[in-house]
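Student: Please take these sequences and the hints and turn them into a complete structure.
Protein chains: 2
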Amino acid sequence: MATPKKTVITTTAPRKVGITELVLRDAHQSLLATRMSTEDLMGACADIDAAGYWSVECWGGATYDSCIRFLNEDPWVRLRTFRRLMPNAQLQMLLRGQNLLGYRHYQDEVVDRFVKKSADNGMDIFRVFDAMNDPRNLQHAMAAVKAAGKHAQGTICYTISPVHTTEGYVKLAGQLIDMGADSICLKDMAALLKPQPAYDIVRAIKEVYGDTVVSVHCHSTTGVTQASLLKAVEAGADVLDTSISAMSLGPGHNPTESVVEMLEGTAYVAELNSDRLRAISAHFKKIRPKYAEFESKTLVDTGIFESQIPGGMLSNMESQLKSMDAADKVEAVMAEVPVVRKAAGYPPLVTPSSQIVGTQAVFNVMFGKYARMTGEFADIMLGYYGASPAPRDAAVVQLAKTSSAKQPIDVRPADLLPPEWSTLATEAGKLAGFDGSEEDVLTYAMFPQVAEKFFSSRAAGPKSVAKELAAAPPVAATAALAEETLAISYEGKTTTFRVKPLA
Amino acid sequence: MATPKKTVITTTAPRKVGITELVLRDAHQSLLATRMSTEDLMGACADIDAAGYWSVECWGGATYDSCIRFLNEDPWVRLRTFRRLMPNAQLQMLLRGQNLLGYRHYQDEVVDRFVKKSADNGMDIFRVFDAMNDPRNLQHAMAAVKAAGKHAQGTICYTISPVHTTEGYVKLAGQLIDMGADSICLKDMAALLKPQPAYDIVRAIKEVYGDTVVSVHCHSTTGVTQASLLKAVEAGADVLDTSISAMSLGPGHNPTESVVEMLEGTAYVAELNSDRLRAISAHFKKIRPKYAEFESKTLVDTGIFESQIPGGMLSNMESQLKSMDAADKVEAVMAEVPVVRKAAGYPPLVTPSSQIVGTQAVFNVMFGKYARMTGEFADIMLGYYGASPAPRDAAVVQLAKTSSAKQPIDVRPADLLPPEWSTLATEAGKLAGFDGSEEDVLTYAMFPQVAEKFFSSRAAGPKSVAKELAAAPPVAATAALAEETLAISYEGKTTTFRVKPLA
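As you go down the protein sequences, you meet chains L and W in turn.
If you count the first sequence from 1, you need to add 996 to reach our numbering.
If you count the second sequence from 1, you need to add 996 to reach our numbering.
Read the hints as simulated data drawn from the structure, not as lab findings.
Check the hints yourself; a few may be wrong.
Copies of the same chain look alike in the list, so a pair counts if it fits in one copy or across any two.
[What the hints assert, rightly or not] Cross-link-like lysine-lysine pairs, in silico, BS3-like; alpha carbons within 30 Å at most:
{"id": "1", "residue 1": "LYS1146", "residue 2": "LYS1463"}
{"id": "2", "residue 1": "LYS1281", "residue 2": "LYS1318"}
{"id": "3", "residue 1": "LYS1146", "residue 2": "LYS1365"}
{"id": "4", "residue 1": "LYS1365", "residue 2": "LYS1402"}
{"id": "5", "residue 1": "LYS1167", "residue 2": "LYS1426"}
{"id": "6", "residue 1": "LYS1112", "residue 2": "LYS1397"}
Tutor: What follows is the structure, given as structure tokens:
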């Protein structure tokens, strides 16, 4: 029997890989519909602060909206609470570029003031992205972060299409670095990033911009990306995004402890305090069942590689079709989505482009190709969301012009916006419960209707939705929505309801 | 801005990696306490047969025991059913070496007859392992497989200890090859195999025994092993074990579809038919909820790296302690397990060694160090389960001798067994319901008490333990649902409705 060769022992110290902990933001956004209350998050903060993370994502994304819409919480109080409880950690937020945390473009002064206030209240690292990957939609927010003296992380939204290439992503990284990015994030919101492209893209970025810190953010929905994180590290990635094991997997993220363990024996190491990790996980293991009503049912879904349709988008389209008595059209719509996406110039499918493309696909199947066009889809076709990765279909652009009575633009969308801050401040000032702060004006700017309701109910204090789904959400004004027949899953059974907004 | 180097395009065809599908055996053993009925497995067989798998694990392990103990099914009927429904697939089973599918050593003639009958009934590939990694406990079963003209897969149980090294595993691989192994399986039943050791061990085996097919079997409990499978392939692994996504993750295995997708763009490819995979997954997505009461609660658990205690073993110890009114001793017992394991010479912790070591740890904490010793632990200390990976603690061996009034052995345990087949056949022949077949004698040999009960009730036919799921309730049958206030997302906006079942 031959003797095997000895394994070569590396004598140099392993390269340290940073970890960004996602449990306070993206984990519960992805797993529990962003419903976790500040109170339930606080108990883990001391351990998170001391665990040795590179950064702690804890704010932004959908949490701001969720705070005021569902939890009667002031998101700025949440941020200050985190700052107080985690004095040592680098706090990180997700910012939708020129959209801030809302769903439209804001004029530059609003962006400036939002970023400044976020910094003032304790934010350290701003991860800035745009759903279209149009750098012009990031540049003002990035500059605002730099002006506030904070860390600007420029983000590449990863997607797959005939026009998306490693070279294209590297070019975008260069544009972000040119606008002052302190680091680059490769953001894989749909768990599409496979090991080989993860390796190729990170390696190419590091070869060209070697001293730039590269973060890799993957969801775990497809069950592929734990391996992608390892290959990204082999290619030179500096920071990986993970979530503590008790709040991991499914449409969430790869488990923090597993990523730490994964690196053992390699030329890389993630130095986190395992006692702290155990304590953090124990905390969330206790808390998570309180939010069982909001749990995503997805365990693993590889269908997205073929359909390009993220899970959330699929269930949304299914509801739309059911409400139109056309549940049998799901297959046809799924086949139509890539066609519509191609016509729109292959945008990444992420909020809001996923909803816009999905709804148009439904309309195409139900009413004929572009026989009806949503205003949002016309806007995408005409450049009002920014440049598209590939040229748009000229015939569909023509239909969009007719349908919307708007002209195509090729400037940065926000350049068309008139100053709006003083108007917003004046309008906010008229609302009952407005506290006079710039933070409140920002809340109003991003969510005008919800803000009005929130300001008036704020004094009642936070209302957790944990364990009390039936009683929790206060009644909203919903006059714009018509009566609908909807199929609703409840305790594992699907039932058809006729639903009607409360007058 | 510098231009990145072009990615090198490989012009050679990617190396094909085989996949062993586990859904018919280990997946439901790990996730649903081995409770799935043949009837519920059958619906996927045509698709499994045609999907292009290297092999289909469908029998052995705990399924035989479960068939007769819980499902009133004849395991031989199950095997013949699989053979009939999957005429093209290579059927594979897990065999515990000299223990067959039972919990003691059997005399060689029983082993011969079991293997012969399994082959006669349709088995192609026998994965043979021993909990102690003692090759002498595998050699007779391996020879029996070769004598039956079937594929003998020699198995290395992977574990971590101060005495387990890459070199040691390679040596064991050589011993298995010397006894005629057609392939080698690196079996990681506790999800302990991290990417670097996966790479090192597979690579070392391939360097020494290059033309030997290497299979890698990992569980997913620790959330680490998807990456380990990729590194194993990079090191030369030929076959990976996976389970269809609808029956994956947690204490089960990495999802088949995810492993296929993971390889895209690499120098390796797993060529499976994606339509078939979708159909298999759809089948089990429908079936799995019927077994919800047997679901493992583990999502991901990295604690095992520290405690060495697999999830199943931990819950077993917790029950033992509770029954002794000593639930507060869990921490003490967890600390004692590695101590007891060391005294026993670092056996891998897998059935039955995990239970034996765990129970002795409980006894040590409750009654004092080795103040009481189980018969099984004495047997391990005295060599009655085979050789241990490291020398055993001499003082504890002495106590075992005293406690059990037995002498240590260093021969192959089965060498001490007298011929037993004719006795077994005679005893089985006296049981009500015995059908006169050699298969029934084997059932009696392995599970004497359970066999007696099963033979007498067999005529009643299979008794599924699945809960029949209520069909989606018709509108009229929803009276049990109360009126609720729900927040519903529709066209990107979330609105609160009061919903009420249609009367």
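Student: Give a verdict on every hint.
Tutor: Results for each hint:
1. LYS1146 <-> LYS1463: Neither. Shortest intra-copy (38 Å) and inter-copy (56 Å) distances fail the 30 Å Cα cut-off.
2. LYS1281 <-> LYS1318: Between copies only: 21 Å across, 35 Å inside.
3. LYS1146 <-> LYS1365: neither (47 Å within a copy, 58 Å between copies)
4. LYS1365 <-> LYS1402: within (20 Å within a copy, 84 Å between copies)
5. LYS1167 <-> LYS1426: neither (46 Å within a copy, 80 Å between copies)
6. LYS1112 <-> LYS1397: Answer is neither; intra-copy 38 Å and inter-copy 76 Å both fail.
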